[in-house]
Amino acid sequence: MLAQQLINGLAIGFVYILVSVGLTMVYGVLKLLHFAHGVIYMVGAFSAMLGMIYFHLPFPLALLLAMAVSAVIGMGIERFAYRPLRGGHPITTLISGVGVAILLENFFQVIFTSDTLSFPETGIENTIYHLTQSVSITNYKFYIVIAGVIGLGLLYAFLKFTKMGIAIQAVAQDMRAASLMGVNVNRVVSVTFMIGSALAAAAGVLVALNYNSLFPSMGSIPGLKAFCVVVLGGLGSIGGTVVGGLILGLVETMSDGYLSGMVIDKDAIAFVILIVILLIKPSGLFGKKVEKV
Amino acid sequence: MVLEALFNPYYVDIVVFLIIYILLGLGLNLITGYAGQVSLGHAAFFGIGAYSSAILSVKADLNPWLAITLAIVITFVISAILGLPSLRVREDFLAITTLGMGLIIQSFFKNSSITGGAYGIDSIPTPSLFGMKLENMSYLIFLLIVMLIGIYAVRRMTQSRIGRAWMVIREDDIVAQSMGINTTYYKVLVFAIGGAYAGAAGALFAHKVSFISSDSFGFAVSATLLSMVVIGGLGSIRGTLFGVSVLYLLPEFFRLFQFTFIDMNYLDMYKMMIYGLLMVLMMRYRPNGIFGKKGAKKVMTKRLHKKKAVKGGEHIA
Numbered sequence: 011m012l013a014q015q016l017i018n019g020l021a022i023g024f025v026y027i028l029v030s031v032g033l034t035m036v037y038g039v040l041k042l043l044h045f046a047h048g049v050i051y052m053v054g055a056f057s058a059m060l061g062m063i064y065f066h067l068p069f070p071l072a073l074l075l076a077m078a079v080s081a082v083i084g085m086g087i088e089r090f091a092y093r094p095l096r097g098g099h100p101i102t103t104l105i106s107g108v109g110v111a112i113l114l115e116n117f118f119q120v121i122f123t124s125d126t127l128s129f130p131e132t133g134i135e136n137t138i139y140h141l142t143q144s145v146s147i148t149n150y151k152f153y154i155v156i157a158g159v160i161g162l163g164l165l166y167a168f169l170k171f172t173k174m175g176i177a178i179q180a181v182a183q184d185m186r187a188a189s190l191m192g193v194n195v196n197r198v199v200s201v202t203f204m205i206g207s208a209l210a211a212a213a214g215v216l217v218a219l220n221y222n223s224l225f226p227s228m229g230s231i232p233g234l235k236a237f238c239v240v241v242l243g244g245l246g247s248i249g250g251t252v253v254g255g256l257i258l259g260l261v262e263t264m265s266d267g268y269l270s271g272m273v274i275d276k277d278a279i280a281f282v283i284l285i286v287i288l289l290i291k292p293s294g295l296f297g298k299k300v301e302k303v
Numbered sequence: 269m270v271l272e273a274l275f276n277p278y279y280v281d282i283v284v285f286l287i288i289y290i291l292l293g294l295g296l297n298l299i300t301g302y303a304g305q306v307s308l309g310h311a312a313f314f315g316i317g318a319y320s321s322a323i324l325s326v327k328a329d330l331n332p333w334l335a336i337t338l339a340i341v342i343t344f345v346i347s348a349i350l351g352l353p354s355l356r357v358r359e360d361f362l363a364i365t366t367l368g369m370g371l372i373i374q375s376f377f378k379n380s381s382i383t384g385g386a387y388g389i390d391s392i393p394t395p396s397l398f399g400m401k402l403e404n405m406s407y408l409i410f411l412l413i414v415m416l417i418g419i420y421a422v423r424r425m426t427q428s429r430i431g432r433a434w435m436v437i438r439e440d441d442i443v444a445q446s447m448g449i450n451t452t453y454y455k456v457l458v459f460a461i462g463g464a465y466a467g468a469a470g471a472l473f474a475h476k477v478s479f480i481s482s483d484s485f486g487f488a489v490s491a492t493l494l495s496m497v498v499i500g501g502l503g504s505i506r507g508t509l510f511g512v513s514v515l516y517l518l519p520e521f522f523r524l525f526q527f528t529f530i531d532m533n534y535l536d537m538y539k540m541m542i543y544g545l546l547m548v549l550m551m552r553y554r555p556n557g558i559f560g561k562k563g564a565k566k567v568m569t570k571r572l573h574k575k576k577a578v579k580g581g582e583h584i585a
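So the protein sequences, as listed, match chains R and P. If you use our numbering, the first sequence closes out at 303, no skipped numbers anywhere. If you use our numbering, the second sequence closes out at 585, no skipped numbers anywhere.
There could be a bad hint or two in this list.
Okay, derived cross-link-like pairs now, SDA-like style, lysine to any residue, Cα gap no bigger than 20 Å in a straight line [stated by the list, open to error]:
| no. | chain 1 | residue 1 | chain 2 | residue 2 |
| --- | --- | --- | --- | --- |
| 1 | P | Lys539 | R | Lys170 |
| 2 | R | Lys41 | P | Arg358 |
| 3 | R | Lys276 | R | Asn18 |
| 4 | R | Lys170 | R | Asn149 |
| 5 | R | Lys298 | P | Glu359 |
| 6 | P | Lys539 | R | Gln119 |
| 7 | R | Lys276 | P | Gly385 |
| 8 | P | Lys539 | P | Phe285 |
| 9 | R | Lys276 | P | Ile413 |
Label-pair ranges, simulated between beta-carbon atoms [stated by the list, open to error]:
| no. | chain 1 | residue 1 | chain 2 | residue 2 | range |
| --- | --- | --- | --- | --- | --- |
| 10 | R | Asp125 | P | Gln427 | 42 to 52 Å |
| 11 | R | Ile121 | P | Tyr278 | 51 to 61 Å |
| 12 | P | Gln427 | R | Met264 | 31 to 41 Å |
| 13 | R | Lys291 | P | Thr452 | 16 to 26 Å |
| 14 | P | Thr452 | R | Leu12 | 40 to 50 Å |
| 15 | P | Asp441 | R | Glu135 | 57 to 67 Å |
| 16 | P | Arg424 | R | Gly192 | 52 to 62 Å |
| 17 | R | Gln179 | P | Arg424 | 52 to 62 Å |
| 18 | P | Gln427 | R | Thr172 | 53 to 63 Å |
| 19 | R | Glu135 | P | Val345 | 48 to 58 Å |
| 20 | R | Thr172 | P | Ile349 | 41 to 51 Å |
These aren't lab readings, by the way, just hints derived from the structure by calculation. Glycine included, each C-beta is placed from N, C-alpha and C at the ideal position.
In isolation and in its complexed conformation, chain P is listed as follows (with noise of 0.2 Å):
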């Protein structure tokens, strides 16, 4: 009984996709919650490395494994071009410009003729190992695997001099220079690594769906997934974690028993209402997120001396 529900399918491929999403989300946690480079396109780093494994491993030809690989290659090096931005523009213009970027990109997947233009790519091959073809249990344990590697690296990272250098970079970035910190390579760097982490989970999701399509990587992925950290908390792997995991988990729970008092077709709709609601609530009452760290963000110090003047203002007038 506990075994059948182990290897239903269906449970199957939400682990899997909620894997694909703590990778996007821990991509993400580095360029906004660490660096604090706020990104409001990251679909199209998932878009990308979807299409490249994509595009290499159908029009191509090549073996999945090769495919997925140079995936994330590619995607490293394109993210750290469409990082460039960062260097000019901060804080709110940089979460407008990688918005733009993210569109312009969903646009080019749409339209272009080596992405299959309004049709997407479809037949993406299954990876093998051994002769044997990874589906839903052995795929599930080849992504198990890949995201604690992921994690691994993630608190590698972060706890080593890269880490330090990107959070002073996120505290204020005229100190960082001051400190003689590179900021151009450091945030650059942040850039590449969260995009090959969202291009490492855009090629295993083209591998598990076989079909892909623009649709996938819109602006609404790219605000979800925003949510998700946020709300689990920006600069922490526990958060991202918890944060991923039960905003994704929440509304399947709903479809998987079927509530009466829910209409299904709505579901997804109602998820964003959520999202969009908590998003609301966490910034007003907890702006760092579920595990975020206080004190330590000049949000808070900020608010806290603002309030001051607001309630001034009041007595004035």
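For reference, chain R alone in the conformation it holds in the complex (with noise of 0.2 Å):
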């Protein structure tokens, strides 16, 4: 019982990190809090769809092309919601990001109605693998999480060893001193949200599969709880963010199996983590200390 609780938290726990890793490198390189990622976890599960449905692409291309085309919309966003914002009050930011989520979530709802839709005909059969007599994980969940050792691995290796890589950490640093030192600031940016509203978009399509089931508000949720992934992991790290993100999905699977009538939703416990967090120790558990808080 609990190994298999664990198992699924783990599952859970990646598909929160692969959200919240973008929400992080955005929050290190702006210090913004991105509110339209949620949506972009959203358009890559429905650009998957579309991908297959008209396409007809096998999986593995349909995630890369809603990979890609979130890229392209999380660019879009930062271009034109966030960048003729930039340096003003971190208000306006934040209120144009969630114009722009309520903007694309309910331009979603227009093109697809509000209605649950079910995931297309991947011809990947959801098998179940038994790892002992009473654990097991479905071929869903195994992809989930190689899915998110796999982004790590590439998103770690792309910031220690490319130039990108190595600018989009001075960025963090220190925008100002960055772009006197040569790096061009817009393109850094621009990087930084293309990886991870990819990201996200992989997430959102790994989750569509494992539920088989799509719509237009379900990036909502899964948004919001990154903000809590990454205050818990502290802002900015990358590391804390997969430590985070791991304690969610465990936290999360433990209450649905042990805890029972509570007054509150499954979904609320994250955000009740988040207050406890940005009031008792707003740095998180690997953050440097925030101003703001």
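Grab the two chains, each in its own frame, and use the hints to assemble them into the complex.
Dropping the structure here:
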């Protein structure tokens, strides 16, 4: 029972990690809470579905298509909703982000209605691997974990060994100094949004595959929970986000298994954690001190 | 003909809900516009008011008038408590904190037994005055009076010592402290008063619709309200009245005339799309809203400074 919960929690935790990594990178670079991140997750799931229905793409290619489409949309959001406001009061960018989220979510509702759609046939059977007598994992959940590990590995290599990755770290340390050293800040910010959005889209597609459902408001709760994850792990810290995502995933599955009849939903636990962390230790587990808190 | 149109219950309902939204907007404008504490969880205060009045009048069998009054007091107290995080977290972090609190409270409404769980509470009584039930037109007149009192109170508050203290806190917390303003007291106070406005709106809403469930108090309401107040202009009563009225009445107007080029089933979604788009455009071109004061806020000055820096960055790269 416990081992099974741990495995389920691990899979959910990797979903949260994939969504939150983009958020924490954006915060690291721009010191901005990117409110429209959950929408990107939803856009990813829908573009994979469209790719499979209209272009008859196999699932892996549809996943790549979804990541590409979301990356473009993420960069577009940054270009049109955040860049003109850069350097302004954080509230203006926050409200702009909320506006984008509302706009896109309702745009998708107009096109696809707000009903739950099922994910198209992928040709991949949902099989269950029995690890021991009582512990099992479905292959979809396994893919989520694999995707999470691959995504994090690539991200680590990118940030450590490429010029652009080092530029991102430089901008995260000090945007102005990096710009004086010849780093093209606008391009760095675009790339940050691109990577974050692609990872969130991958999470969206895999979750839609796992639950065989997608709907236009599917991104709002994961997008908000991602705030919890990044605050828990420490804003701007990617390592912290990984730990935070796993903790949230485990806490949620544990609460599902062991606590029943609570006065709040399972989904609300994340926000309790968020508020407690912000009030008690706003720097999170691994973060630097946040000035505003 | 005119009288008939005036007393048409459908139009009366539209105006009643408009006034409820105006009360909500006034409260949010106090918190976010005057005191600068961004709240993305205003629907929670609305819900607390609605549920306390409903529970008091249905389950405790109190007179609706007493229930409404008590609901306002309860929301005042709970909002003060919920405003406490504003002492520690600021700006965008406060926004996600209040957002989280709003979602927790909505989840509580949905799961707790006292709030009727997912079924909500029904058959909430209508208040009566001198043996006459306040329905339709009479309820509207009552609400109009409440609204006028509300607007007057906001005016008096914001032009007094309290309002000036709030505005200093909005501009700069540390300056306010060094000028001897008790920021703790004023921040908690603004949440309490803004919450009480939302509580009043909630109680009046509950007695109007006679059935409430947790769906009416979600994030969409908070976001809609914030967009209305922001578009009208933060820190301006006229702005709130204008923003709420225009954004609330516009979709109703389309519903009324049944334009053929709009599918009525999607009207709510078109409405939200336009709100979202307006929020983005407004932040970009007129961050102080339509009636917002220019220059007074640091939003503008900060923007000018930074524009230079970004331009410089491009030259180097």
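Of the numbered hints stated previously, which ones are contradicted by the structure, given in increasing order? When the structure is compared with the hints, numbers 1, 4, 9, 11, 12 turn out to be violated.
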